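Colleague: Listed here are the chains, written in short residue letters.
Protein chains: 2
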Amino acid sequence: MRTSIATVSLSGALTEKLTAAARAGFDGVEVFENDLLASPLAPEEIRARCADLGLSIDLYQPMRDIEAVPQDEFRRNLRRAEHKFRLMERLGADTVLVCSSVSPLAVDDDALAAFHLRRLAELADGFGIRVAYEALAWGRHVSTYDHAWRIVEAADHPALGTCLDSFHILARSSDPKDVEGIADIPGEKIFFLQLADAPLMAMDVLQWSRHYRCFPGQGGFDIAGLVRQVIKAGYQGPLSLEVFNDVFRQAEAGPTAVDAQRSLLVLQESVGLTAPPAPVVPTGIAFAELVSPDVEPVSELLEALGFARTARHRGKPVDLWQQGEARVLLNTGPGARRDGTQLAAVGLESPDPAGAARRAESLLAPVLPRRRTPEDVPLDAVAAPDGTELFFCATGRPGLPDWTRDFEPVGQPAPADGGIRRIDHLALTQPWHQFDEAALFHRSVLGLGALESVDVADPYGLLRSRAVTNADGSVRIALGVGPAPSADDGDRAQHIALATDDLVAAARRFRAAGGRLLTIPANYYDDLAAKYEFEEGELETYRELGILYDRDADGAFRHCYTETIGRVFFELVQRDAGYRGYGAQNAPVRLAAQHVRRPVR
Amino acid sequence: MRTSIATVSLSGALTEKLTAAARAGFDGVEVFENDLLASPLAPEEIRARCADLGLSIDLYQPMRDIEAVPQDEFRRNLRRAEHKFRLMERLGADTVLVCSSVSPLAVDDDALAAFHLRRLAELADGFGIRVAYEALAWGRHVSTYDHAWRIVEAADHPALGTCLDSFHILARSSDPKDVEGIADIPGEKIFFLQLADAPLMAMDVLQWSRHYRCFPGQGGFDIAGLVRQVIKAGYQGPLSLEVFNDVFRQAEAGPTAVDAQRSLLVLQESVGLTAPPAPVVPTGIAFAELVSPDVEPVSELLEALGFARTARHRGKPVDLWQQGEARVLLNTGPGARRDGTQLAAVGLESPDPAGAARRAESLLAPVLPRRRTPEDVPLDAVAAPDGTELFFCATGRPGLPDWTRDFEPVGQPAPADGGIRRIDHLALTQPWHQFDEAALFHRSVLGLGALESVDVADPYGLLRSRAVTNADGSVRIALGVGPAPSADDGDRAQHIALATDDLVAAARRFRAAGGRLLTIPANYYDDLAAKYEFEEGELETYRELGILYDRDADGAFRHCYTETIGRVFFELVQRDAGYRGYGAQNAPVRLAAQHVRRPVR
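Chains as they are written, first to last, in this note's numbering: chain A, 36 to 636; chain B, 36 to 636.
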């Protein structure tokens with residue numbers, strides 16, 4: 036289906052919005068009246084700009100408080116409408132959105148509403164314009180899609196149809212039965228379909244609508260279920276996004292438009308309209324790649340953790356450090372992102388690397404050059420929304436190019452068992468504007484599942500965190516974000532969590548090798564003693580080593596932290612089979628302890 | 036009454052919070068458990084730090100999910116409680132907060148709840164500790180203050196009392212009758228009183244409570260009405276602030292603690308507990324002072340607006356520009372805040388400047404040096420939360436020192452009528468963390484009234500604006516704030532709105548004198564034509580001059596804008612007597628037009 040986006044969903048001047056929409060592949064736009072009013076371009080110039088960009092103007096919106104009002108008021112409304120129809124002629128827009136009235140003057144009289152809308156449609160028809168009538172969830176007398184449709188039906192004019200808006204419908208009811216009536220509306224009378232998702236919130240619906248809408252798949256609504264009914268009805272118009280969101284208003288229009296288009300690609304797949312390459316779910320983390328301006332401190336830390344430098348890249352200053360199935364690449368080459376040590380790339384073990392890359396490309400993930408030098412093993416890679424490079428790769432699998440063949444052994448064998456078995460999870464800080472999109476990206480592009488997001492108190496503000504994982508937990512990525520956009524986004528920590536079967540032994544070994552563990556306050560252990568019963572000496576050991584402890588119904592989680600280099604630190608974790616979390620309830624204590632070592636802001 | 040503040044209300048490490056609370060004049064603190072857990076200080080050290088700072092520890096909190104649970108669970112709860120009582124002994128805290136249970140294990144059995152709380156109180160009593168039981172608004176079975184009190188009464192133990200929390204009480208009901216029952220609780224059984232205000236919002240009460248609480252007077256609750264009942268009951272404990280707020284979590288602890296203490300000073304005055312110097316409401320704007328590194332562009336702009344340079348300060352490089360009753364000081368001296376042209380000070384016409392300053396000082400406004408050089412007329416001045424200097428002054432009033440005597444006439448007389456009569460309003464951008472406090476400051480310190488805050492769409496994010504005024508509108512200040520903390524806070528515009536009786540003439544004169552008015556898009560005027568009927572030629576004149584138009588039930592508002600110098604621009608306004616707004620609905624168009632002239636971000 037054709038795709039469209041309301042200009043109000045993107046930030047900036049009208050021309051910026053149009054350019055961003057066109058570049059992201061939208062077929063058309065809804066022109067939001069305020070964007071037009073604020074633009075120095077005449078309607079004819081906007082029309083020409085859209086034509087140049089290959090965009091149709093699918094809707095002009097909104098017209099408000101038209102129907103079921105006293106006669107004098109309606110006369111003024113028709114005068115106002117005629118002005119707007121002339122404007123739409125100049126703009127080349129043939130459909131106008133009319134929202135159900137919120138005017139205190141409006142009366143509860145469906146027959147009068149139908150009469151007025153018919154009069155409006157007659158006027159519009161003379162300009163070749165169609166009127167799409169939509170029920171606002173907070174409309175004074177008309178607030179449901181079926182009520183709006185009954186009025187349209189009664190008005191019975193070919194230039195009058197209805198507009199369906201997923202927010203207004205799903206904010207009022209999440210019962211799938213309540214949207215089934217959509218399929219009974221004649222498809223040609225559904226003049227327009229506006230789509231917005233939203234997080235499930237118990238709050239005033241108008242505030243919810245104006246500030247918290249998001250793109251399909253970023254929130255909690257069953258948009259796909261609604262769209263299926265609209266398709267069943269025979270709707271032929273575009274899928275159009277109308278999203279009011281305080282965060283998107285501040286974000287750059289270009290990336291937001293790409294995220295928006297991706298959400299519609301995923302939606303169309305989910306309702307069976309398209310069949311892009313299927314997701315190839317990663318089966319493990321092949322490696323984590325650190326870039327660093329200085330090899331020394333990171334090497335020392337890896338050595339103390341029991342890693343051995345087993346190989347070096349044949350063509351680049353990249354070392355492979357290994358222990359068990361945990362692999363860390365240390366890249367000290369020149370690069371664009373060399374502002375300190377950071378986690379720059381993740382190797383995802385894939386049963387079909389090329390297929391995974393095709394999936395990512397079809398969902399608008401920027402594809403990175405596949406081969407850096409002619410000798411390199413071809414590697415499929417894309418960029419995640421936060422800029423992290425995701426490599427789809429295979430480690431020692433027959434029939435697939437093995438990324439490790441780019442590396443030349445340097446003599447040191449990988450330790451048979453240094454205590455670390457594999458990477459348990461990675462924690463990646465997201466740009467503030469990208470947090471909701473990051474989860475949708477990882478779900479749709481990589482086929483991972485997303486857990487609920489959790490709030491964590493840092494001494495200087497609330498953080499949010501949301502994990503994405505595959506089914507068996509062999510790939511876990513915790514996506515985090517700070518409390519608000521700030522200049523020090525680049526300072527926020529990332530970390531690599533390493534799995535061990537015996538955390539106490541691993542921590543002791545690390546310390547014996549000269550490593551320093553984050554000091555956890557004694558008060559924390561007094562609290563643990565109040566909460567849980569431990570074996571004799573157990574708690575004293577945790578206190579000595581700075582080990583944190585959590586427990587859920589299915590098992591326990593023990594973890595401790597190294598010092599931070601640049602943006603990066605390591606976590607050592609021992610996870611009982613059933614435990615599914617990340618020790619979030621310990622995070623405030625850990626964050627406070629990390630602040631102790633940092634300069635005061 | 037004694038004042039106290041919960042450590043969770045302030046940002047930073049525990050020691051930062053304690054220092055900020057003590058400096059702001061609090062008598063005590065509530066220690067929030069998570070702050071203690073995250074602190075490297077032992078309980079004894081925290082106790083000593085508090086003693087050094089002159090702070091008592093009035094409450095340890097919270098203890099959760101204690102009562103009305105199965106026997107095994109209750110046994111574990113007592114074990115946990117005993118640990119905490121030992122901790123409180125070390126801390127020197129003698130009162131613990133117990134919140135009504137939210138546990139799925141809790142049963143709806145008041146007798147069992149009373150029995151359990153009595154057992155807990157008996158245990159506490161052995162440590163010299165008192166238990167204060169509070170109803171959470173979302174408690175599983177106990178969610179109202181009177182229900183919690185009935186259980187406390189039934190438990191009947193001297194070490195058990197109730198804790199009242201204004202948020203939990205007022206979030207459930209705004210009916211003054213519903214708090215009257217408080218006066219019937221024996222005062223000695225009200226062990227503690229926690230105060231928080233909140234903006235009136237229709238949203239999930241738990242989210243509302245955890246993220247949007249604010250200090251008394253910053254929100255919409257009738258905190259004073261509640262406190263009157265508590266006093267009537269005979270409560271002897273402290274007034275304690277417990278505020279969970281996402282913004283305060285990011286703000287510096289020091290200023291937040293001062294704002295917090297100010298809110299309690301105002302509250303105590305409003306319930307008649309104290310009588311600080313009464314507010315002296317300003318009767319006009321005596322002057323607006325611009326600081327600028329370059330005299331030329333600002334002087335040119337003032338000249339084009341019809342101002343004359345009438346006088347110069349006797350001791351400093353400050354010029355007085357005047358027209359009608361509008362006075363602008365242009366300060367080009369060296370100063371701490373010389374990063375471009377900005378509005379640095381406001382002169383408020385005051386019938387009692389010294390009294391106004393005493394009021395401000397009693398409410399913790401930083402007092403500025405009264406006399407800069409021995410020759411200067413003594414001027415009373417304080418700093419507003421955003422750093423703007425507020426001078427309380429008199430212009431040509433018998434018996435009061437006249438600030439204009441510091442200025443030496445330079446020969447040019449003030450134009451009799453250049454079209455500008457006076458300053459209509461000032462618009463001051465607030466630091467993000469100070470927006471709610473700014474309104475409380477201007478209300479309580481200056482005795483101004485605050486209007487509702489409004490959201491305004493800028494192309495790059497939502498802005499908020501809230502006006503404070505005196506009764507006759509001769510002092511109007513619009514407090515604004517951007518969408519989120521950002522590096523370019525310093526770039527946000529401030530403006531001076533000048534009142535004229537004939538905007539068209541004033542605008543024409545300005546242009547004839549070489550001034551440039553902000554260009555408003557033609558589309559805006561097409562929309563005006565659709566909305567309103569104008570006299571012939573009226574709209575064409577507005578379009579030609581870039582005049583914006585608004586109308587409410589009582590009158591019309593016409594306004595236009597100059598270009599921006601540094602952070603500052605001027606607005607020319609013609610306000611019908613009845614019109615009370617600021618043309619907020621035109622702000623998006625104005626903001627977009629101003630962005631056109633700025634570099635793209």
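A hint or two may mislead.
A pair holds if it fits inside one copy or across any two, identical chains being indistinguishable in the list.
As the list claims (entries may be wrong) - Computed cross-link-like contacts, EDC-like style, restricted to lysine to aspartate or glutamate with a CA-CA straight-line distance of at most 20 angstroms:
#  : residue 1 : residue 2
1  : Lys212    : Glu68
2  : Lys212    : Glu79
3  : Lys351    : Asp257
4  : Lys212    : Glu338
5  : Lys566    : Asp107
6  : Lys566    : Asp611
7  : Lys267    : Asp160
8  : Lys351    : Glu579
9  : Lys351    : Asp587
10 : Lys267    : Glu188
11 : Lys566    : Glu124
12 : Lys267    : Asp421
13 : Lys351    : Glu68
14 : Lys224    : Glu108
15 : Lys267    : Glu575
Note that these hints are calculated values from the structure, not bench results.
Computed from a prediction, not measured in an experiment: that's the story for all the values here.
Colleague: Given a CA cutoff of 20 angstroms, do lysine 351 and glutamate 68 count as a within-copy pair, a between-copy pair, both, or neither?
Modeller: Classified as neither; 54 angstroms inside a copy, 51 angstroms across copies.
Colleague: I want to check one pair: lysine 212 and glutamate 68. Are their C-alpha atoms no more than 20 angstroms apart within a copy, between two copies, both, or neither?
Modeller: Cα proximity of lysine 212 and glutamate 68: none, with 34 angstroms in one copy and 47 angstroms across.
Colleague: Are the CA atoms of lysine 267 and aspartate 421 at most 20 angstroms apart within a copy, between copies, both, or neither?
Modeller: neither (38 angstroms within a copy, 58 angstroms between copies)
Colleague: If the cutoff is 20 angstroms on CA atoms, where do lysine 351 and glutamate 579 land: within, between, both or neither? Let me know, please.
Modeller: Classified as neither: same-chain Cα gap 41 angstroms, cross-chain 64 angstroms, threshold 20 angstroms.
Colleague: First find the shortest C-alpha distance between lysine 566 and aspartate 611 inside one copy, then the shortest across copies, and answer within, between, both or neither for a cut-off of 20 angstroms.
Modeller: within (19 angstroms within a copy, 67 angstroms between copies)
Colleague: Give the relationship of lysine 212 and glutamate 338 under a CA distance limit of 20 angstroms: within one copy only, between copies only, both, or neither.
Modeller: So lysine 212 and glutamate 338 fail the 20 angstroms test inside a copy (60 angstroms) and across (69 angstroms) alike.
Colleague: How would you label the pair lysine 351, aspartate 587 (within, between, both, or neither) given a Cα cut-off of 20 angstroms?
Modeller: neither (45 angstroms within a copy, 69 angstroms between copies)
Colleague: With identical chains treated as interchangeable, where does the CA-CA distance between lysine 351 and aspartate 257 reach 20 angstroms or less: within a copy, between copies, both, or neither?
Modeller: neither (48 angstroms within a copy, 67 angstroms between copies)
Colleague: At 20 angstroms max between alpha carbons, let me know whether lysine 566 reaches glutamate 124 within a copy, between copies, both or neither.
Modeller: Intra 71 angstroms, inter 18 angstroms, cutoff 20 angstroms: inter-copy only.
Colleague: Please work out whether the CA atoms of lysine 224 and glutamate 108 approach to 20 angstroms or closer within one copy, between two copies, in both situations, or in neither?
Modeller: neither (27 angstroms within a copy, 61 angstroms between copies)
Colleague: Please sort lysine 566 with aspartate 107 into within, between, both or neither, judging by C-alpha distance up to 20 angstroms.
Modeller: between (71 angstroms within a copy, 14 angstroms between copies)
Colleague: Indicate which option fits the pair lysine 267, glutamate 575 if close means a Cα-Cα distance not exceeding 20 angstroms: within, between, both or neither.
Modeller: neither (65 angstroms within a copy, 51 angstroms between copies)
Of the numbered hints listed earlier, those contradicted by the structure are 1, 2, 3, 4, 7, 8, 9, 12, 13, 14, 15.
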